[in-house]
Amino acid sequence: MTPLTPFLEIADLAVAFDGVRVVHGLDLRLDRGESVALVGESGSGKSVTALSVLQLLSYPRASHPTGSILVDGEEVVGAGEQEMRAIRGSRISMVFQEPMTSLNPLHTIRKQVEEVLAVHGGLSGAAARERTVELLELVGLQEARERLDSYPHQLSGGQRQRVMIAMAIANEPDLLIADEPTTALDVTVQAQILALIKELQERLGMALLLITHDLGIVRAMADRVYVMEQGHVVEEGETAEVFVRPAHPYTRKLIDAEPRGACPIPEDEAQPLVETKDVTVEFPLRGWPRKRSLVAVDDVSLRVRQGHSLGVVGESGSGKTTLAMAIVRLLQSRGEIVFDGRSIDGLGFRQLKPLRRSMQIVFQDPYGSLSPRLTVGEIVSEGLVIHEPGMSAGERRDRVAEVLTEVGLEPEIARRYPHEFSGGQRQRIAVARAMILRPRFVVLDEPTSSLDMTVQAQIVELLLDLQQRHGLTYLFISHDLKVVRALCDEIAVMKDGRIVEQGPAGQLFDAPRESYTRALMNAAL
Amino acid sequence: MSGSDSVGAAELPEAGASRRMPAGTPAHLVFAAVSTLGQRRWAAFKANRRGYWSLRIFLVIFGATLFAEVLANDKPLVVRHEGRFYFSIVATYAETEFGGVFETEADYREPFVKDLIRDGGGWMIWPPIPYAHDTIDYELPGPAPYPPSARHWLGTDDVGKDVLAGLIYGIRLSFLFGLVLTALSSIIGVLAGAVQGYLGGKVDLFGQRLIEIWAGLPILFVLIILSSIVESNVFWLLGILVAFSWMALVGVVRAEVLRARNFQYVTAARALGAGDRRIVRRHVLPNAMVATFTFLPFILTGSITLLTSLDFLGFGLPADAPSLGRLLAQGRANLHAPWLGLMSFFTLATLLTLVIFIGEALRDAFDPRRTGMQS
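Here the protein sequences line up with chains X and S, keeping their order. Heads up, the first sequence is in our numbering, so the first residue is 1 and it goes up one at a time. Heads up, the second sequence is in our numbering, so the first residue is 526 and it goes up one at a time.
Pulled out of the complex, with its shape left as it was, chain X reads as follows (with noise of 0.2 Å):
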């Protein structure tokens, strides 16, 4: 299956920013109607690849100093910006990852769509209107009709991400570059938007050219894919083919990285160390004259035993996070909450401070929980001089010492900024905070989002591995259905605040008896 010209080929592609090479010497055949995935982990060079189809860098910084993109035969690597125009748009289109800022908040969605129309095929008016609910109603917009004169932020991010499709499809392209389009999407709603590109594809007979660091979705989606890694393709080949029977190292690290089996059950019928009874948090809103409010989380009753892990999953917007903050007492709730047989939810700061030690929480953003303007080892033991203010600086140095060392990181950092270190090792940093107390509950919110897949790997392998030695509890919430079923054992699944379903992670998965369990069950790829 060689077609004579392939609709895009890039030979011996090269991408420099400022004279450092990120692309080196970069391959790539893509024909007609085929789809292809370009994987690899942040800062692999896959989204610099695919601007650079359509020379949408920022030139003159940027530059190729080798190689040839020919489209359908015709060279773009320096090409006027005349003849990329024909292109863009046209015969190539995109859709990127942030449907909030991709499109532009001040236009309605039909302005926005329109000018596309009337950029490339020149319809305007009626016409331009008719085309525009056509469109709309083809990437399942509901109602398009009267969403026309929406504003981007009246809808919801799958529905933000659609009208981006309708844009991209709009001159019925050749080959649609899709860079990580669900990426920011909820998971059931990320099934939806891959099954719509898929189907569209078909429909169009377009070529699609798929960029991503999600291996599930390569393989849900793709014929062929490319594996990067540092700017170099280091594996290429049948999808099937490359999952089954990885040839390079990286490949296989890749795909080893996937959260996968589920976690150890620890010895049964341990005594529940936290649990809620019908805990509820309301956030105020303006109203007059009655005082509205919006209730983030809704009678929610946990129980996490001691040595166990909770999961609590759900998609955005779900109040899983608002409910963890309301267990380690960060935010105002009513109900009950019981930590080691002791009612805390009525507890001033004083009568908690103690409790603090035993209790702590790690957060999603590594680059939003550590202080930029304090080092490591400042940030590591301020639980120490909060707790133990009476502890020389020579021993505090040895426990921050010895917990970096515990977390796997060097304790010379100490001394460092945490700007000077990755989100991985900055995951570890904020671990290492919470663990130098030596408490016995961690809350987990997110821990491994926000990190590339081996990264995320690690960090889970850290998070079991500690649970092990001390014999921490852990609240676990996540999205992502892969990993709370290597790391919990237990699952509860949450929904407009509120918990649908709860039960063991085996029968959970096995066994989901909400429908909407099910769905996000399958939505997992």
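Since the hints were made in silico from the structure, they are not lab data. Treat the numbers as computed from the prediction; the structure is a model and nothing was measured. In this text, a Cβ means the ideal position worked out from N, Cα and C, and glycines have one as well. Incorrect hints may have been included.
To be verified - Part of the chain S face toward chain X, derived, beta carbon under 10 Å:
1. V791
2. T792
3. A794
4. L797
5. G798
6. R803
To be verified - Label-pair distances were calculated between CB atoms; the ranges are:
7. S:G741 - X:R145: 53 to 63 Å
8. S:G726 - X:E146: 36 to 46 Å
9. X:P289 - S:L701: 49 to 59 Å
Mind docking chain S on chain X? Use the hints.
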């Protein structure tokens, strides 16, 4: 992108690409990340040549005026009389000690005293400018105000006081006063802003309204009324000016604190059991410091201008204090002696410009885009 890891992190496990560095960060930027924030800020400050040189010139001028008594004085630095040394600047000696008549302090500029010392086989070393700011030269060759000459380099004012001596003492007083005023009002402003921003809610609401009302009071009228009730001195003036100038920083600090109190590392500190005071001091206020330091030079110039204009109008410091504003007023009253107005104008303009340039360099130094780090 192979070049995007910070240097030291590369030998550690999972050296993934650091997110803050854009694709293909040049090597020198990568190395810059190793130095501390303070060093990078100082480098950014020095990179603004104009501001850096302004700082050096300003420090020399201000440093010199701190020793005004040695530069311009109506007493000699050292007196030698009958085998003994007298340090007349630091100690007070009666005329009788040199064999004179009066038991009051010796007036070394009087020919009688000069003769006494010379007769005792002694000598005197005078400062480069043998007049203090309040010395009246009774032996002027012509009527006061006397134009610039070898005797008075910048001339005298209309009662025969040396202008250069007045400037030296005036600069010192104005800047010291300005610095103290800036320091006091900044401390109060930062505290008030931090409290309002961190506590929010009703405290914030009422605090803001209070400031709006307070800022609406006409400071000049208050001063005029007060000067007719109490006798003005430096501390009175300082107190009143602080009371009306502490609002300058509140808005900025409050906004920064409002932003910072929701940062995740602040929540992390709360989860560790840190109290409010610790959180504000260690995690929240450092964020506001950038804005504060950027504002300080401009508050300083504002303070100096305020003091000068009050002196000019006659509601400022007591009449015998050396002040730039009073010299300016003299210039206005004696238009036939243009050196008075010109000199005080040039002095003020130069110094305030220097401070503004320093402020601009300071703003560069705290600009996260120039120091390669988000604040």
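What are the numbers of the hints that this structure violates, sorted from low to high?
Failing hints: none at all.
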